[in-house]
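Protein chains: 2
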Amino acid sequence: MSTDRIYTAALLVIGDEILSGRTQDANIAYLAKWLGVQGIRLKEVRVVADEMDAIGEAVNALRVQNDYLFTTGGIGPTHDDITVDAIAAALGVPVIVHPDARAILSGYYGDKLTDARLRMARTPEGASLIENPRTKAPGIRVGNIFIMAGVPIITQGMLAALDGKLPGGAPVLSRTVAAWTQESAAAATLAAVEKAHDGVQIGSYPFWREGKTGANFVIRAVDEALLATVAAALMAGLQEAGIDPVDGEL
Amino acid sequence: MSTDRIYTAALLVIGDEILSGRTQDANIAYLAKWLGVQGIRLKEVRVVADEMDAIGEAVNALRVQNDYLFTTGGIGPTHDDITVDAIAAALGVPVIVHPDARAILSGYYGDKLTDARLRMARTPEGASLIENPRTKAPGIRVGNIFIMAGVPIITQGMLAALDGKLPGGAPVLSRTVAAWTQESAAAATLAAVEKAHDGVQIGSYPFWREGKTGANFVIRAVDEALLATVAAALMAGLQEAGIDPVDGEL
Numbered sequence: 141m142s143t144d145r146i147y148t149a150a151l152l153v154i155g156d157e158i159l160s161g162r163t164q165d166a167n168i169a170y171l172a173k174w175l176g177v178q179g180i181r182l183k184e185v186r187v188v189a190d191e192m193d194a195i196g197e198a199v200n201a202l203r204v205q206n207d208y209l210f211t212t213g214g215i216g217p218t219h220d221d222i223t224v225d226a227i228a229a230a231l232g233v234p235v236i237v238h239p240d241a242r243a244i245l246s247g248y249y250g251d252k253l254t255d256a257r258l259r260m261a262r263t264p265e266g267a268s269l270i271e272n273p274r275t276k277a278p279g280i281r282v283g284n285i286f287i288m289a290g291v292p293i294i295t296q297g298m299l300a301a302l303d304g305k306l307p308g309g310a311p312v313l314s315r316t317v318a319a320w321t322q323e324s325a326a327a328a329t330l331a332a333v334e335k336a337h338d339g340v341q342i343g344s345y346p347f348w349r350e351g352k353t354g355a356n357f358v359i360r361a362v363d364e365a366l367l368a369t370v371a372a373a374l375m376a377g378l379q380e381a382g383i384d385p386v387d388g389e390l
Numbered sequence: 141m142s143t144d145r146i147y148t149a150a151l152l153v154i155g156d157e158i159l160s161g162r163t164q165d166a167n168i169a170y171l172a173k174w175l176g177v178q179g180i181r182l183k184e185v186r187v188v189a190d191e192m193d194a195i196g197e198a199v200n201a202l203r204v205q206n207d208y209l210f211t212t213g214g215i216g217p218t219h220d221d222i223t224v225d226a227i228a229a230a231l232g233v234p235v236i237v238h239p240d241a242r243a244i245l246s247g248y249y250g251d252k253l254t255d256a257r258l259r260m261a262r263t264p265e266g267a268s269l270i271e272n273p274r275t276k277a278p279g280i281r282v283g284n285i286f287i288m289a290g291v292p293i294i295t296q297g298m299l300a301a302l303d304g305k306l307p308g309g310a311p312v313l314s315r316t317v318a319a320w321t322q323e324s325a326a327a328a329t330l331a332a333v334e335k336a337h338d339g340v341q342i343g344s345y346p347f348w349r350e351g352k353t354g355a356n357f358v359i360r361a362v363d364e365a366l367l368a369t370v371a372a373a374l375m376a377g378l379q380e381a382g383i384d385p386v387d388g389e390l
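Chains as they are written, first to last, in my numbering: chain A, 141 to 390; chain B, 141 to 390.
Next up, chain A with everything else stripped away, as it sits in the complex (with noise of 0.2 Å):
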């Protein structure tokens, strides 16, 4: 754990199912809400189809740019199922069946361990894997590429399984505090007290609801008493700038 040095990472999510709009996405907030709690900050995400050039290249773009690279998608034992291939033609090593995959799906499956089913035992060489407490089939860690499921209980289930495992750095904190405004009247404000304080954010998040017009200013450091520091001015702004706030979210 280190206070000085920044970790980040990229999530490429694999599937078909998203890019037709059928499946709405669930892991991208998961995963960046638990890299937050690791210290790693999530850099970027892309979402590619089921096809071998595109998965290769998001990989490695996304793997040297960045301290960690997650997937999700392309696992299971259907002939959709095409990321462990695509990974391993991209890192430019062979496929192989994992002994301790192949031990886990035995012990699973028995007598009924069929081709289909063997190809969830498949990794690139050189992987270890990562736990799958709910269905078995395990996920895989190669270099600093970490390849898991699609189904985003079973996608948890394996980050569970790398909690406080990864280093990382300072989580980045957060407070927010927000008016009944346009965020328009704001914004001058919002400039300079970012501009006022080094290490500091502030990010502006506009809503309507119960037919007003409102705005959560969310501010992002990674000292908690500069956050404190921060809200105090952004409140004494605001309310100089004839707009009242409450600390907290709306």
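Any given hint could turn out to be false.
Pairs count within a copy or across copies, as identical chains cannot be separated in the list.
Only pairs whose alpha carbons sit at most 35 Å apart, straight line, appear in this in silico DSBU-like list of lysine-lysine [to be verified]:
no. : residue 1 : residue 2
1   : Lys252    : Lys173
2   : Lys352    : Lys252
3   : Lys173    : Lys352
4   : Lys252    : Lys335
5   : Lys173    : Lys335
Think of the hints as simulated: they come from the structure by calculation, not from any bench.
Got chain A sorted already, so can you dock chain B onto it with the hints?
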């Protein structure tokens, strides 16, 4: 409307709030379905932070690889809204105050058209506007890039304004066959049926409900008659494999 050319699009989601997990994205699935109706295929999605370089790099990669590039987020009045600046820089054109956008905002805000609000009239040079029926501040079209709001209800209004106006090909149709089975038991059948029919994709989407395991098998093609043929072949194949399929989604 042409049936022999495939039109593709990419989506670039711009927003720290998605990458921090604070906000659950809702634009990917909505745009995916809307594009499907227009006969345009969503090929790739990227999510990047509110940073000039990250936005510019993604814009230049995705706009040349696809017929259309949509962006969501970062076009409001506050300091963290830098999408217009980043896209103009990526295209190598200056940012101007668009006269029509200024007129729209002037009509709405009257003498309260502050500098912050006037930010929402800024566009890359050479752009045209996309109507925003909800909150007036328009979307922006420049070349094949469609720059839209991040708030889903506003994005959806902008897409409604574009409905039927973008050249597209034949929409991808889908039909689902399902069964209470482990997908691994159906894997060989799925692969064989897909292989036997050109121009058809079959995706397998497992689920766990009511303590049981099931899977939806989604057949995709541009031809309704072909879909029916493949659905019948898949039903027959699954029955041969000892599985009891239903014609439709579970």
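Going through the hints against the structure:
1. Lys252 to Lys173: This pair counts as neither: shortest intra-copy Cα distance 38 Å, inter-copy 39 Å.
2. Lys352 to Lys252: between (60 Å within a copy, 18 Å between copies)
3. Lys173 to Lys352: So Lys173 and Lys352 pass the 35 Å test inside a copy (29 Å) and across (30 Å) alike.
4. Lys252 to Lys335: between (63 Å within a copy, 25 Å between copies)
5. Lys173 to Lys335: Within one copy only: 26 Å inside, 40 Å across.
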